[in-house]
Amino acid sequence: MSQPPEPPPTRILFVTGRLAEFALRQVLDDLAPRVGFAAEVAVMPITVAALMTPKWAARHFAPPPGIDRIVVPGHLKGDLAPLQEKAPEVPIEVGPEDLRDLPQYFGEADSRLAGYGGYDVEILAEINLAPRLSRAELLDQAADFAAQGADLIDLGCEPGEPWADVGDAVRALRDLGLRVSIDSFDPDEVARAVAAGAELVLSVNGANRDAARDWGAEVVVIPDRPGSLDGLDATAEALDAAGVRFRLDPILEPIGFGFAASLGRYLEVRRRHPEAPLMMGVGNLTELTDVDSAGVNTMLLGFCQELQIRSVLTTAVVNWARSSVRELDLARRLVHHAVTKRVLPKHVERRLIMLRDPKPPRFGAENLAELQRRIRDPNWRIFAEDGKIHALNNACLLSDADPFALFDRMGVVDPSHAFYLGYEMMKAGTALTLSKAYRQDQALEWGFLTEAEASRRERRRPGPRPNENETDKGGPA
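First residue of the sequence shown? That's 66 in this note's numbering, and the numbers climb one at a time after it.
A portion of the hints provided could be inaccurate.
[What the hints assert, rightly or not] Subject to a maximum C-alpha distance of 25 Å in a straight line, what follows is the list of computed BS3-like cross-link-like pairs (lysine-lysine):
1) K120 <-> K142
2) K424 <-> K411
3) K120 <-> K151
4) K453 <-> K424
These are computed hints drawn from the structure, not numbers from a lab.
Please take these sequences and the hints and turn them into a complete structure.
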């Protein structure tokens, strides 16, 4: 008996603009056979699809017969009813904003990312010089750290300056539902903080370990002498005998002051104490090194994950390290995934890539020339690649590494129009400098620091606009 013929694959129509057509077809050529659908592309007469509205798109939308699903760009906002009227029986859905996310949208998530997001490293975020802050400032900073991913709020005290209100400060933080640690060598200050609800004390060595017996809190054990492990084991043994819980911190040193040797001490402590909880304070590297902190935090978290150091202490004082808490929160997920799943920490966590983009797209001279030939209106399109900014409309394609020279050649006289183009070319120049992807009328990507940018269309006041062409209405000018 012959087998019945297999049903034809689902036909899915993808709606896009001229600019994204090439990239979309490349993604679909790879994705459609794997998922098992037939892909078709409807290119709207607009350069940037993100600038479409459903009402405008409906005027130019003519879906072919036999389509089973329609996917419109994720940036398409508003009521889809005008589009639905053009295809009443076909479901229309809003896809992802970034076409590179289409595989995930169709359930083709990278198997390497299965289960991503877990972590087992605790973050302590220190509020530096906490006694100097007003209560409102203290609570605001603590809440901000917690929102960024901190598990404990560490109150950094001032040596030699007892904090009379430490108990009230701890209680205020506890009332917000926050966990608290106290960083002080003053036994009375610590006792008052612990009585108010602080659960961890930084730091304890031979000088104050006897007092730690009475606190009823977990403590962090450090060496008696900087740059060594002197006294660490003795303090640990004394606390263990007294039933005091502790974690060990051999102390990370700054570069030039024993950094490499201090990493070796963490290895040695783990060898001596294979089951003991360990902690690392990362601020001696992030705060004291002239470099953006995200990469440093990620490398240190990788070291911690492999060595099973389950807690890190960070500060966020110097400007280049002020997002350290959020960086550590993302980094602990990345390194946990890499170590537990045995996969490289590459192409996994895009939010930690901030300065440069993973792979800026390049259209090439031929594609830019072809796009210019298709344009039917005088509105300027801006591109940035090959070390130059490119401006094209229906009349010409201009290129220059100097945005001022390029603007002079464009002949723009309308002040509002000139401001918009100047702003866009500023972004384009930044993208060239840092090897980032530039997309007109969209924000540059800065990893987790990216802030959404309202398009010019969203900012535009109602009413007619000079040189607005119906075949590219709303396109970048």
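Verification of the hints:
| no. | hint | in the structure |
| --- | --- | --- |
| 1 | K120 <-> K142 | holds, 10 Å |
| 2 | K424 <-> K411 | holds, 13 Å |
| 3 | K120 <-> K151 | holds, 11 Å |
| 4 | K453 <-> K424 | holds, 17 Å |
In terms of the numbered hints stated before, the structure departs from none.
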